[in-house]
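Chains as they are written, first to last, in this note's numbering: chain A, 1 to 299; chain B, 1 to 305.
One or more hints might be untrue.
[To be verified] No farther apart than 16 Å at their CA atoms in a straight line, the calculated lysine to aspartate or glutamate pairs in the EDC-like style are these:
id : chain 1 : residue 1 : chain 2 : residue 2
1  : A       : Lys285    : B       : Asp146
2  : B       : Lys169    : B       : Glu278
3  : A       : Lys278    : B       : Asp196
4  : B       : Lys153    : B       : Glu133
5  : B       : Lys169    : B       : Asp222
6  : B       : Lys169    : B       : Asp304
7  : A       : Lys278    : B       : Glu197
8  : B       : Lys96     : B       : Asp192
9  : A       : Lys285    : B       : Asp196
10 : A       : Lys185    : A       : Glu201
11 : B       : Lys21     : B       : Asp273
12 : B       : Lys21     : B       : Glu197
[Claimed, not checked] Here are some of the chain A residues that sit facing chain B, going by a computed Cβ distance under 7 Å:
id : residue
13 : Gln16
14 : Tyr18
15 : Ile75
16 : Arg141
[What the hints assert, rightly or not] The calculated label-pair distances, taken between Cβ atoms and stated as ranges, are:
id : chain 1 : residue 1 : chain 2 : residue 2 : range
17 : B       : Glu197    : A       : Ser8      : 38 to 48 Å
18 : B       : Glu197    : A       : Ala67     : 28 to 38 Å
19 : B       : Glu293    : A       : Ser66     : 34 to 44 Å
20 : A       : Asp244    : B       : Gln110    : 47 to 57 Å
21 : A       : Ser8      : B       : Ser149    : 40 to 50 Å
22 : B       : Lys171    : A       : Leu133    : 12 to 22 Å
23 : A       : Leu6      : B       : Gly241    : 20 to 30 Å
24 : A       : Ser66     : B       : Asn289    : 36 to 46 Å
25 : A       : Arg14     : B       : Phe84     : 46 to 56 Å
26 : A       : Asn88     : B       : Glu34     : 47 to 57 Å
27 : A       : Asn88     : B       : Leu18     : 28 to 38 Å
28 : A       : Asn88     : B       : Glu197    : 24 to 34 Å
29 : A       : Lys204    : B       : Arg256    : 27 to 37 Å
30 : B       : Ser288    : A       : Leu133    : 49 to 59 Å
For the record, the hints were derived by calculation from the structure and aren't laboratory data. Just so it is clear, CB atoms sit at the ideal spot from N, CA and C, and this is done for glycine as well.
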Amino acid sequence: MTEAPLESDQRFIRIQNYIDRMPSLSTTVTKVLDICNRPDTSANDLNRVISLDPVLTGQVLRLVNSAYYGLPNQISSLTRAIIMLGLNTVKNLALSTAILNTVGNESSQILPMDLFWTHSISVGVTAKNMAELKGIPFAQREEFFIGGLLHDLGKIVLINCFIEEYDAVINQVRNEQGALDLAEKSVFGFDHGEPGRMIAEKWKLNSSVTETLCFHHQPDKAEENNRDLVSAVSLANMYTNILDIGSAGDPYQNEYLLTAALDRVDISWEQLVEMDEKIQDEIEKAQVFLQVSREGGTA
Amino acid sequence: MNIRFWGVRGSIPCPGPLTMKYGGNTPCIEVRFEELDRLIIIDAGSGIRELGNYMMQHDLPKGPIKTEIFLSHTHWDHIMGFPFFTPTYIPGTKLKIYGPVSYEGETLEQIVGGQLSYRYFPVREAELAADIEYIHLKEGRFNLGDGISLTTKYLNHPILCLGYRFEYKDKIFCTAFDTEPFRNLFCTDPEDPSFDEGMAEEGKLVAREQNEMVESFCLGADLLIQDAQYTQEEYESSKTGWGHSSYEYVCAAAKRAGIKRMALFHHDPMRTDAQIDELAEKYCNAGSNENPEIIFAREGFQIDL
């Protein structure tokens with residue numbers, strides 16, 4: 001006898017419980033502990049090692065923005081957090097978060113964590129490069145990286161909360177050669193944007209990053225002043241999927257949606273492709289930094 | 001407001017013949033609002049022991065002691081006098097202790113009150129007769145009642161540290177210790193393998209912005225008690241990142257912020273009276289319309305605002 005499908009309310013309770021103690025990605029944890037435990041950690045290394053882990057980045061920003069410090073302006077950049085609160089504080093925040101636990105086992109069969117990590121980094125780097133191309137000032141570019149890095153975290157939650165049903169989602173994508181978010185909707189009644197929004201709210205990320213996690217498959221739903229970021233990440237995500245850089249379970253892209261995404265950002269496909277070398281280079285540097293296997297083995 | 005210094009030294013008490021003039025106790029400042037019959041204490045360094053004794057003679061005879069201690073941060077030189085603050089042993093004393101604590105750390109009570117445990121001291125905190133309340137303080141603006149307002153600002157020190165700005169009637173009194181100027185912590189050398197242009201640029205921007213915010217925080221103060229432990233040469237040669245400022249930097253910043261009077265504070269324990277006198281020759285002045293009056297803080301010195 002199969003179990004009755006869960007009601008939405010029950011699903012959201014399970015998701016919320018998972019988010020409350022969401023673990024880091026196993027890909028980066030060893031390196032985080034290594035860097036943070038060194039007495040002579042440089043600001044550059046600290047920033048880099050945190051920013052290579054989507055969960056850790058979100059958690060550190062959450063703590064920096066939490067009522068604990070009472071800082072009146074939301075901080076959406078690790079660079080800013082490190083200057084304002086100091087290396088020691090941020091190092092300790094990262095350490096205390098990283099040692100919680102790691103995402104692994106269950107999720108690794110469906111979505112190998114190294115591939116997911118590579119996908120996330122690629123979307124972050126691509127979005128940041130787009131921001132540069134569009135003349136966005138330095139101080140705002142890190143937000144594009146962070147939005148890209150974190151955009152798919154909702155998937156980690158869905159997989160870890162509903163492992164068997166997510167298997168069905170992946171099969172449906174494969175059989176129908178369709179979009180992942182639509183398959184998620186048909187199985188759960190919502191896609192990974194919804195748990196993405198719940199994570200962003202729990203972590204108190206600012207409105208534009210929150211909407212990126214929620215609406216990167218429907219950028220038109222984002223508020224007007226968040227649309228630059230959401231649209232850039234949406235396009236960076238399609239680009240990364242088309243070029244098959246890592247994987248987040250969504251290999252089939254719709255040509256019509258791609259054209260719309262290019263128009264929205266007002267950028268040409270050729271301009272995107274010109275960035276490719278730079279993007280690959282940044283991913284490779286990150287991999288060397290973490291000494292992660294480039295073969296994409298499971299976590 | 002009447003301000004009196006009970007401890008002006010940084011790092012560790014250093015009593016002895018070479019520090020008689022400026023004093024060897026670590027930070028403690030008495031802020032007295034005579035007309036309100038209210039006393040606020042800033043920091044509980046070794047200087048608070050003498051202040052406690054003074055309060056036993058002058059305040060206790062008028063009735064039970066009620067006071068508030070605002071800790072700039074919890075480094076040891078700023079809390080070490082607490083177990084020797086006699087009013088905590090007197091029934092009827094009411095004490096509120098405010099201060100910042102870092103996320104990963106213990107509570108304010110564990111850090112400050114935890115000094116009273118058998119491993120360090122013969123009396124346990126539970127045995128204190130006073131009614132003590134600990135309050136975790138953050139950056140913000142607070143109404144302290146009686147028309148006193150308090151603004152707090154995170155400074156730049158190896159742990160979370162608050163500067164205080166008290167405003168009462170038309171007077172402004174600020175503290176900015178322990179702190180050093182915010183600086184770009186990110187690599188700015190394009191030849192360095194870890195160089196990242198984005199981090200380098202944003203780091204520069206945020207450091208400048210934070211330094212401007214500290215100056216606005218102190219803006220127009222009638223009195224600013226300012227961390228100044230080093231000369232610029234000492235700071236640059238081996239003390240960068242220790243969380244303390246140079247005379248040169250703070251004098252220029254005080255001028256920019258329109259400070260009326262600045263007391264240089266948190267003297268290095270190695271600095272003798274003769275050396276401070278020599279520095280005073282160089283940096284102190286009576287003040288003018290454009291320049292703040294500058295003094296070196298010394299134990300027992302009082303300032304009326």
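Outcome of the hint check:
About 59 Å separates the Cα atoms of A:Lys285 and B:Asp146, which puts this hinted pair outside 16 Å; it is violated. For the suggested pair B:Lys169 and B:Glu278, the alpha carbons sit about 37 Å apart, so the restraint of at most 16 Å is broken. Restraint check for A:Lys278 and B:Asp196: the C-alpha separation of about 14 Å stays at or below 16 Å, so the hint holds. Distance hint between B:Lys153 and B:Glu133 is unfulfilled; the C-alpha atoms sit about 22 Å from each other, more than 16 Å.
This hinted pair checks out: B:Lys169 and B:Asp222 have alpha carbons roughly 12 Å apart, not beyond 16 Å. Simply put, B:Lys169 and B:Asp304 have alpha-carbon atoms about 14 Å apart, close enough for the 16 Å limit, and the pair holds. A C-alpha spacing of about 14 Å is found between A:Lys278 and B:Glu197, which places the hinted pair at or below 16 Å, so the restraint holds. A hinted pair counts as satisfied when its Cα atoms are at most 16 Å apart, and B:Lys96 with B:Asp192 does not qualify at roughly 50 Å.
A threshold of 16 Å between alpha carbons decides the hint, and for A:Lys285 with B:Asp196 the separation of about 12 Å falls inside it, so the pair holds. For the proposed pair A:Lys185 and A:Glu201, the alpha carbon gap of about 21 Å is over 16 Å, so the pair is violated. For the hint linking B:Lys21 to B:Asp273, the alpha-carbon distance of about 6 Å falls within 16 Å, and the restraint holds. Under the criterion of a C-alpha separation no larger than 16 Å, the hint pairing B:Lys21 with B:Glu197 is inconsistent with the structure, at around 50 Å.
Evaluation of the A:Gln16 hint against chain B yields a violated restraint, the C-beta minimum of about 23 Å exceeding 7 Å. Evaluation of the A:Tyr18 hint against chain B yields a violated restraint, the C-beta minimum of about 22 Å exceeding 7 Å. The criterion of a C-beta within 7 Å of any C-beta in chain B is not met by A:Ile75, whose closest approach is roughly 10 Å, and the hint is violated. Against a cut-off of 7 Å between C-beta atoms, the interface hint on A:Arg141 holds, since the closest Cβ of chain B lies about 6 Å away.
Checking the proposed 38 to 48 Å range against B:Glu197 and A:Ser8 shows it holds: the Cβ atoms sit about 46 Å from each other. Our hint of 28 to 38 Å for B:Glu197 and A:Ala67 holds, since their Cβ atoms are close to 34 Å apart. Checked against the hint of 34 to 44 Å, the pair B:Glu293 and A:Ser66 passes, with Cβ atoms roughly 41 Å apart. In this structure, A:Asp244 and B:Gln110 meet the distance hint of 47 to 57 Å, their C-beta atoms being roughly 53 Å apart.
Against the hinted window of 40 to 50 Å, the Cβ-Cβ separation of A:Ser8 and B:Ser149 comes to about 48 Å, which satisfies the hint. Hint check: B:Lys171 to A:Leu133, Cβ distance near 53 Å, so the stated range 12 to 22 Å is violated. Take A:Leu6 and B:Gly241: their Cβ atoms lie about 53 Å apart, and the range 20 to 30 Å is violated. Here the CB-CB span from A:Ser66 to B:Asn289 is close to 44 Å, well matched to the stated 36 to 46 Å.
In this structure the hint that A:Arg14 and B:Phe84 lie 46 to 56 Å apart at CB holds, the actual value being about 54 Å. Distance hint check: the CB atoms of A:Asn88 and B:Glu34 are about 41 Å apart, inconsistent with the given range 47 to 57 Å. A beta carbon spacing of about 33 Å between A:Asn88 and B:Leu18 agrees with the range 28 to 38 Å that was offered as a hint. Against the hinted window of 24 to 34 Å, the Cβ-Cβ separation of A:Asn88 and B:Glu197 comes to about 25 Å, which satisfies the hint.
Evaluation of the 27 to 37 Å hint for A:Lys204 and B:Arg256 yields a pass: the beta carbon distance comes to about 34 Å. As the Cβ distance of B:Ser288 to A:Leu133 is approximately 53 Å, the hint placing it in 49 to 59 Å holds.
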